[in-house]
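Construct all of the structure, not just a fragment, from the sequences and the given hints.
Residue numbers (my numbering), protein chains in the order written: chain X, 1 to 82; chain E, 1 to 451.
Hint data in this document are derived by calculation from the structure and do not stem from the laboratory. Note that beta-carbon positions come from the ideal geometry of N, C-alpha and C, so glycine has one too. One or more hints might be untrue.
Stated by the list, open to error - Derived lysine-lysine pairs resembling BS3-like cross-links, with alpha carbons at most 27 angstroms apart: (1) K349(E) / K57(E); (2) K47(X) / K33(E); (3) K331(E) / K12(E); (4) K40(X) / K2(E); (5) K331(E) / K52(X); (6) K331(E) / K27(X); (7) K324(E) / K300(E); (8) K166(E) / K112(E); (9) K12(E) / K40(X); (10) K40(X) / K331(E); (11) K33(E) / K324(E); (12) K34(X) / K14(E); (13) K30(E) / K14(E).
What the hints assert, rightly or not - Here are the computed distance ranges between Cβ atoms for each label pair: (14) F346(E) / N2(X): 33 to 43 angstroms; (15) N9(X) / F346(E): 24 to 34 angstroms; (16) S328(E) / N9(X): 22 to 32 angstroms; (17) S184(E) / E58(X): 35 to 45 angstroms; (18) K47(X) / E421(E): 47 to 57 angstroms; (19) E44(X) / L326(E): 22 to 32 angstroms; (20) P270(E) / N9(X): 33 to 43 angstroms; (21) E432(E) / E57(X): 53 to 63 angstroms; (22) E43(X) / K448(E): 51 to 61 angstroms; (23) Q61(E) / K47(X): 52 to 62 angstroms; (24) K47(X) / L449(E): 19 to 29 angstroms; (25) L222(E) / E43(X): 32 to 42 angstroms.
Unchecked claim - A partial selection of chain X residues facing chain E, derived with a Cβ cut-off under 8 angstroms: (26) K40; (27) D54; (28) D66.
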Amino acid sequence: MNLQRLAINDEGFIFDPETGNSYTVNKTGLFIIKFLKEGKSEEEIVKALSEKFDVSEEDARRDLVDFMEQLRLYGLLEGENV
Amino acid sequence: MKEPYEKPVIQKLKTGMVNKFGSSPAYARKFRKDIEGVPVDELVERFGSPLFVFSEKKLRQKFREVKNAFTLRYPNVEFSWSYKTNYLDAICAVLHQEGETAEVVSEFEYEKARRLGVPGNQIIYNGPYKPYDSLVTAVKEGARINIDHFEEIADLEKVADELGVKPRVGIRLNMDTGIHPQWSRFGFNLESGQALDAVKRIASGGKLELVGLHCHIGTFILDPHAYEVEVKKMVDFSYTVEDQFGFKIEYLDIGGGFPSKNRLKGIYLPPEVAVPSVDEFAERVCSALLSSLRPGDYPKLILESGRAIVDEAGYLITTVHAAKRLPSGLKAYVLDAGVNILFTAFWYKFNVELDREVYGTSEPCVLYGPLCMNIDVVDDLTYLPPLPRGTRLILSPVGAYNVTQWMQFIRYRPAVVLIGENGEVDLIREAEDLTDIVRREKLPERLKLEW
Numbered sequence: 001m002n003l004q005r006l007a008i009n010d011e012g013f014i015f016d017p018e019t020g021n022s023y024t025v026n027k028t029g030l031f032i033i034k035f036l037k038e039g040k041s042e043e044e045i046v047k048a049l050s051e052k053f054d055v056s057e058e059d060a061r062r063d064l065v066d067f068m069e070q071l072r073l074y075g076l077l078e079g080e081n082v
Numbered sequence: 001m002k003e004p005y006e007k008p009v010i011q012k013l014k015t016g017m018v019n020k021f022g023s024s025p026a027y028a029r030k031f032r033k034d035i036e037g038v039p040v041d042e043l044v045e046r047f048g049s050p051l052f053v054f055s056e057k058k059l060r061q062k063f064r065e066v067k068n069a070f071t072l073r074y075p076n077v078e079f080s081w082s083y084k085t086n087y088l089d090a091i092c093a094v095l096h097q098e099g100e101t102a103e104v105v106s107e108f109e110y111e112k113a114r115r116l117g118v119p120g121n122q123i124i125y126n127g128p129y130k131p132y133d134s135l136v137t138a139v140k141e142g143a144r145i146n147i148d149h150f151e152e153i154a155d156l157e158k159v160a161d162e163l164g165v166k167p168r169v170g171i172r173l174n175m176d177t178g179i180h181p182q183w184s185r186f187g188f189n190l191e192s193g194q195a196l197d198a199v200k201r202i203a204s205g206g207k208l209e210l211v212g213l214h215c216h217i218g219t220f221i222l223d224p225h226a227y228e229v230e231v232k233k234m235v236d237f238s239y240t241v242e243d244q245f246g247f248k249i250e251y252l253d254i255g256g257g258f259p260s261k262n263r264l265k266g267i268y269l270p271p272e273v274a275v276p277s278v279d280e281f282a283e284r285v286c287s288a289l290l291s292s293l294r295p296g297d298y299p300k301l302i303l304e305s306g307r308a309i310v311d312e313a314g315y316l317i318t319t320v321h322a323a324k325r326l327p328s329g330l331k332a333y334v335l336d337a338g339v340n341i342l343f344t345a346f347w348y349k350f351n352v353e354l355d356r357e358v359y360g361t362s363e364p365c366v367l368y369g370p371l372c373m374n375i376d377v378v379d380d381l382t383y384l385p386p387l388p389r390g391t392r393l394i395l396s397p398v399g400a401y402n403v404t405q406w407m408q409f410i411r412y413r414p415a416v417v418l419i420g421e422n423g424e425v426d427l428i429r430e431a432e433d434l435t436d437i438v439r440r441e442k443l444p445e446r447l448k449l450e451w
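Okay, structure coming up:
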């Protein structure tokens, strides 16, 4: 998965050494990316989101799908996870 | 204690591209929890979404602003409400209360004004298509008619014979005022001599009394100088008519076309900068009049301002029904209001306000309407934070043309409310239902289904 090669700092600044592109993510986005890097499933992430943040599982699931689409469009998400 | 949630967003950083529009930073984000003190939530709860909301206070305020600008500069001014801009009874009634007469462009609008209680002699009847019967009614009731073409001169002469009266009429002119496109399809052209031919024709017929000149140079005119040119040409022509034919021109109707503080697509500057003030228009018009009229002569100046008066008094509340991601990466929202009820979306970029504070980075997005039609785009590119489903957007200004040019297409048309000066909320047009649409339909007996 392409996410593994990304350099990510705690403020949500992301650098992709392969393409030279940089990104910023917000706190929630950073939270999700960390879980994705660990190979967690979508359901596990949804659960983690709703436990840590003030959000229902239903909303978290909807937002996770959208966020993963964004990652895919930037070419950051490929492989078996998709 | 759980942490506050913000929708996850990732943004690609681009170097060398500075956002000079300043529309995306969080401090530029616009929120509106109420309209004239009435909470947006309460309005939607009572009347549904989408919902058109008009502010009576703003409407009166805007009219008085325009009225003051002209009446302070010229002693004889009449304001005539352009029905096609917004002919809801309540809106027209407010403006008639303020002293506006009615400017109509069809027999339907004429009938609507009469039904509301406007006397015939307080109606100005314009337009290229005036059915014969409506001319008979208009002449009988003393309406002022501005003639569009030679056929209409002949029609009115016939009416004169039929009723045994000498109707007092005006003619519409079209001219070059430096505005493009030049509106040459209405009335008689001045520069080519056609307008003078029309006067000759009226004089030789001897059945009509020419008392007025009308002109309307275009719409959303951003150059006040164009009106100066228009007025000067009209005054010159009126004296030619008076001197050569013995008619007395009692009124100069300069039409409308004044812009509102709306943002036209393709115009770089914000409307606060691009749109001249009404005082500037008034100054140009009135000083052109005073400098070209003969001493002691003050023909009535008629203004048919529509958009400039009602546009900013109207809001549309719409609700986010769904969010989706397009293959281009662009975020898209599906709203419950589209071009079916927002005709002006084709040329305006509306001001978009949110009914609640939404946290998160703004991202480029497109606003789609609810129609299953590709053309249904309310805004093709704006910057908004990630909006949860159910967020309400307040679009403005939408008071001009939308509630007349809206279509019953795919969806029912929504309710319209008016917020009074004391905060009272009145329903001025009910939301439609199936009965409104099928009332005129007839199904032949042989086609009745037997399921």
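Checklist entry - For the pair supplied as a hint, K30(E) and K14(E), is the alpha-carbon distance within the 27 angstroms limit? => result holds, 25 angstroms
Checklist entry - K331(E) and K27(X): Cα distance at most 27 angstroms? => result holds, 19 angstroms
Next on the checklist: Checking one constraint from the list: CA of K349(E) to CA of K57(E), max 27 angstroms. Satisfied?
Outcome noted: Holds - the C-alpha atoms of K57(E) and K349(E) are around 24 angstroms apart, at most 27 angstroms.
Checklist entry - Within 27 angstroms, alpha carbon to alpha carbon, are K34(X) and K14(E)? => result holds, 23 angstroms
Checklist entry - Taking the CB of K47(X) and the CB of L449(E), does the distance hold inside 19 to 29 angstroms? => result Given range 19 to 29 angstroms: violated, Cβ gap about 51 angstroms.
Item to check | Outcome of range test on Cβ distance (S184(E), E58(X); 35 to 45 angstroms) | outcome: violated, 59 angstroms
Checklist entry - Does the Cβ pair E432(E), E57(X) satisfy 53 to 63 angstroms? => result Since the Cβ atoms of E432(E) and E57(X) sit about 38 angstroms apart, the hinted range of 53 to 63 angstroms is violated.
Item to check | Hint validity - D54(X) Cβ closer than 8 angstroms to any chain E Cβ | outcome: With Cβ-Cβ at 4 angstroms, under 8 angstroms, it holds.
Checklist entry - Once the shortest beta carbon distance from K40(X) to chain E is found, is it less than 8 angstroms? => result violated, 14 angstroms
Checklist entry - Between S328(E) and N9(X), does the beta-carbon spacing fit 22 to 32 angstroms? => result holds, 29 angstroms
Item to check | Satisfaction of hint between K52(X) and K331(E), Cα-Cα up to 27 angstroms | outcome: The hint holds at about 26 angstroms.
Checklist entry - Okay, P270(E) versus N9(X) on CB: inside 33 to 43 angstroms? => result Taking Cβ atoms as reference, P270(E) and N9(X) lie about 37 angstroms apart, which means the hint holds.
When the structure is compared with the earlier hints, violations turn up for hints 2, 7, 15, 17, 21, 24, 25, 26 and for no others.
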